[in-house]
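Undergrad: Sequence:
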Amino acid sequence: MMTRAMPILLAAALLAAALPAAAQTRVKVTAVVAAPVRQTLHLPGTLVSPQSSALSAQVEGRVDALLVEAGDRVDAGQPLLRLDDTIARLELERLEHSLAEAEHLQRDALRLAREAEALAGVQSVSQSRFRTQLAQAAIEEAKVRQLRAAVAIQREQVARHGLTAPFAGVVTERRTGRGEWVGSGGSVLQLTVTDPLRVVVDVPERQHGRIEAGTPVTVLVADAAEGAGIAAAVERVVPAADPVSRSFRVHIALPNPEGRLMPGMSARVGVALGPAPGTAEIALQVPVDAVQRHPDGSARVWVVQRGGDGAVARPVAVRTGRHSGDHVEVLSPELRPDDLVVVQGNEGLRPEQPVVPDMVG
Numbered sequence: 001m002m003t004r005a006m007p008i009l010l011a012a013a014l015l016a017a018a019l020p021a022a023a024q025t026r027v028k029v030t031a032v033v034a035a036p037v038r039q040t041l042h043l044p045g046t047l048v049s050p051q052s053s054a055l056s057a058q059v060e061g062r063v064d065a066l067l068v069e070a071g072d073r074v075d076a077g078q079p080l081l082r083l084d085d086t087i088a089r090l091e092l093e094r095l096e097h098s099l100a101e102a103e104h105l106q107r108d109a110l111r112l113a114r115e116a117e118a119l120a121g122v123q124s125v126s127q128s129r130f131r132t133q134l135a136q137a138a139i140e141e142a143k144v145r146q147l148r149a150a151v152a153i154q155r156e157q158v159a160r161h162g163l164t165a166p167f168a169g170v171v172t173e174r175r176t177g178r179g180e181w182v183g184s185g186g187s188v189l190q191l192t193v194t195d196p197l198r199v200v201v202d203v204p205e206r207q208h209g210r211i212e213a214g215t216p217v218t219v220l221v222a223d224a225a226e227g228a229g230i231a232a233a234v235e236r237v238v239p240a241a242d243p244v245s246r247s248f249r250v251h252i253a254l255p256n257p258e259g260r261l262m263p264g265m266s267a268r269v270g271v272a273l274g275p276a277p278g279t280a281e282i283a284l285q286v287p288v289d290a291v292q293r294h295p296d297g298s299a300r301v302w303v304v305q306r307g308g309d310g311a312v313a314r315p316v317a318v319r320t321g322r323h324s325g326d327h328v329e330v331l332s333p334e335l336r337p338d339d340l341v342v343v344q345g346n347e348g349l350r351p352e353q354p355v356v357p358d359m360v361g
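Residue 323 in UniProt numbering sits at position 323 of the sequence shown, with consecutive numbering throughout.
None of these hints come from the bench; they were simulated from the model. Predicted model, so just to flag it, every value in this text is computed and none were measured. You may find that some hints are simply not true.
Said to hold, decoys possible - Per label pair, the in silico range of CB-to-CB distance:
#, residue 1, residue 2, range
1, A70, P44, 27 to 37 Å
2, G209, D75, 40 to 50 Å
3, R62, R131, 45 to 55 Å
4, P337, G209, 19 to 29 Å
5, R155, R107, 19 to 29 Å
For each residue, glycine too, the CB sits at the ideal point set by N, CA and C.
Given only the sequences and the hints, what does the whole structure look like? Please build it.
TA: Written out as structure tokens, the structure reads:
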């Protein structure tokens, strides 16, 4: 099946066939395209953490062990700190012994109740005695349930003498040390998520409607590898504009598996804008290298056409518009989609100069 590019390639080959090679200038050509304009908006941004929490102990006590230092990476559930829990553990042990005693008394009360039930059947024990034994068994069962609840509460108290990481991240600040007394609710560590990070960008309100969740972006972080742009996408658009700056905020999720990026770094964000609302945004475009600009501000492209003796280059005046990647919008009544324009070798060309076109792109 013939592709769209094959007729253009065939035309270029036919244009090159007529004149001897010695009388022609070899040039690289490509086709004028009619396509949506894809502008890139360049904006400053700041790297922030999507979550940073001041961690605190759930009970007060003396720090017995601090298991992390500032800068350590931790996993969710990893132990971070332990308070002295000696008294809490002794109370737990006392309650466990009381529970064991109560369970023994409950079993004995149940045995006596079963024996009274059997004897009551042959009238060896009065019904009153039987009901008393049943009541005693119920009382002992209630004591066991109370003590089981007390043991569960005390085990939770013991557990609360330790602090574990609620999420994976980096310890960015340590606010206590071993031997210090911490109060309930007092901040002891700062834990910050660093993968992924979030890039916060303020976008002018005139671009509202052209940026949405999933819009591709390129993030260039200061102090990162030379010119290394990171491909990412818009995570969310905050649905509220700043009444002072007339801008709205955009969040971009930025992968950081190696941890080389840090919150607070500055970034330069290139946002690939979609078409403006209510417009098709289809325009004639040529590669930037195809446009020759002059000191007086005018511009032109060289169009390759078939002349009487073969392929010739003809200058066409154009007005340039918006950039779309490595292409630029051109406005001229003389240009049509699929016209061939010179992208390499256009220096020194003269009107109607014979050329040998080689198709690129």
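Undergrad: Please check whether R62 and R131 have a Cβ separation lying inside 45 to 55 Å.
TA: holds (53 Å)
Undergrad: Can the suggested window of 19 to 29 Å be confirmed for the beta-carbon pair P337 and G209?
TA: Holds, at about 28 Å.
Undergrad: Does 19 to 29 Å hold as the CB distance between R155 and R107, or does it fail?
TA: holds (23 Å)
Undergrad: Should the hint that A70 and P44 are 27 to 37 Å apart at their CB atoms be regarded as holding?
TA: holds (29 Å)
Undergrad: Would you say the C-beta atoms of G209 and D75 sit inside 40 to 50 Å of each other?
TA: holds (41 Å)
Comparing the model with each numbered hint stated earlier shows that all of them hold.
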